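Asker: Sequence:
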Amino acid sequence: MAVLIGARVSLVNLSCDHQRHSITSLFSQPLLRVSYHLPVGRRIKSYNPLTLVACLQPSKTVATNQFDNVLPSKDVLEIWRSADAVCFDVDSTVCLDEGIDELADFCGAGKAVAEWTARAMTGSVPFEEALAARLSLFNPSLSQLHEFLKRPPRISPGIAELIKKLSLKRTDVYLISGGFRQMIEPVAIHLGIQQDNIFANRLLFGSSGEFIGFDTKEPTSRSGGKATAVQHIRTVHKYKTLVMIGDGATDLEAKRPRGADMFICYAGVQLREAVAKKADWLSPSCHGGNLVTGRPGGSFRVGIGIADSKAGIANADSKAGIANADSKVGIGNASFEVGNANADSKS
Numbered sequence: 157m158a159v160l161i162g163a164r165v166s167l168v169n170l171s172c173d174h175q176r177h178s179i180t181s182l183f184s185q186p187l188l189r190v191s192y193h194l195p196v197g198r199r200i201k202s203y204n205p206l207t208l209v210a211c212l213q214p215s216k217t218v219a220t221n222q223f224d225n226v227l228p229s230k231d232v233l234e235i236w237r238s239a240d241a242v243c244f245d246v247d248s249t250v251c252l253d254e255g256i257d258e259l260a261d262f263c264g265a266g267k268a269v270a271e272w273t274a275r276a277m278t279g280s281v282p283f284e285e286a287l288a289a290r291l292s293l294f295n296p297s298l299s300q301l302h303e304f305l306k307r308p309p310r311i312s313p314g315i316a317e318l319i320k321k322l323s324l325k326r327t328d329v330y331l332i333s334g335g336f337r338q339m340i341e342p343v344a345i346h347l348g349i350q351q352d353n354i355f356a357n358r359l360l361f362g363s364s365g366e367f368i369g370f371d372t373k374e375p376t377s378r379s380g381g382k383a384t385a386v387q388h389i390r391t392v393h394k395y396k397t398l399v400m401i402g403d404g405a406t407d408l409e410a411k412r413p414r415g416a417d418m419f420i421c422y423a424g425v426q427l428r429e430a431v432a433k434k435a436d437w438l439s440p441s442c443h444g445g446n447l448v449t450g451r452p453g454g455s456f457r458v459g460i461g462i463a464d465s466k467a468g469i470a471n472a473d474s475k476a477g478i479a480n481a482d483s484k485v486g487i488g489n490a491s492f493e494v495g496n497a498n499a500d501s502k503s
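Using our numbering, read the sequence shown as starting at 157 and increasing by one per residue.
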């Protein structure tokens, strides 16, 4: 069973401590550190990629290896593979920023608003209360919003490719956010997502462009609103399987009867531990390669993937060809392909 195709391993140095040799390499992407360990005195002729994947973690966030849901189970992969629709949170998931924090910072109230956002994302205060409190701190005008929107959206690495692959699979994609439609529409255009597939709040302005509030009729303006939006989407379109991806408590709420079948916690920007530990799958990245295969990819990134029916991470039992590594040997420029359980490495 093929599990690792066209992987490339960079030259690394070998160091040891009293208990184990630790090989650590920074690959082409600077935010990811890959580490794996070889027992002292043991000569390794092959390496199980499932073990390798379990060692991956983004170096810029809290380590995800404290959680037992980083590697998805077979059942989780099956749900992901069969999803008719995937609903994405926007702030700190599809985009690198919290939109309201960025707008507040642009208007001169960034720090105070960011503190409220942190509280809202943990679910410690009702969302509608946090939203109203944050907006009252800076009252953005229409002209300020238009000026702010001249900035291009900052999309999380790998998201565009993932959404493209989902679309090619004819999986419908939605953006569901507690942020504001005026700020999310440019993101949807950039990613090729229909405007009708946006469920978000709306800033309201008076005849002179002054801020007068937000539309409280939008379900996403209150706690439980994302769950309501997901239930509406599922009812209208009669989806059999639906997945929610996000980083916050309001995203987790979307998993409920007639709502999302599964919640994937994306920790590539923020790792909220209270949310992460309750997720069906905790993903530290949303990069291409393995994201579209559900297995280790060329850059050894672990994350959300469109799992092949015969080779998801949970079933990856083939041996990858990291050969003859001992205390005297690093792994240098090894480029190899695995086609069966006993593939030889090429170096």
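There's no promise every hint is true.
[Said to hold, decoys possible] Each computed DSS-like pair below joins lysine-lysine, with the alpha-carbon atoms no more than 30 Å apart:
no. : residue 1 : residue 2
1   : Lys433    : Lys411
2   : Lys321    : Lys394
3   : Lys306    : Lys321
4   : Lys373    : Lys267
5   : Lys394    : Lys267
Bear in mind the hints are in silico, worked out from the structure with no lab data behind them. Here the structure is a predicted model, which is why all the values come from computation and not from measurement.
Asker: Hint by hint, note whether the structure agrees.
Answerer: Against the structure, the hints:
1. Lys433 - Lys411: Status holds; Cα separation ~14 Å.
2. Lys321 - Lys394: Given pair Lys321, Lys394 holds - Cα atoms ~22 Å apart, limit 30 Å.
3. Lys306 - Lys321: Given pair Lys306, Lys321 holds - Cα atoms ~28 Å apart, limit 30 Å.
4. Lys373 - Lys267: The given pair, whose Cα atoms are some 28 Å apart, holds under the 30 Å limit.
5. Lys394 - Lys267: 42 Å, violated
Checked against the numbered hints given earlier, the structure breaks only hint 5 and satisfies all the rest.
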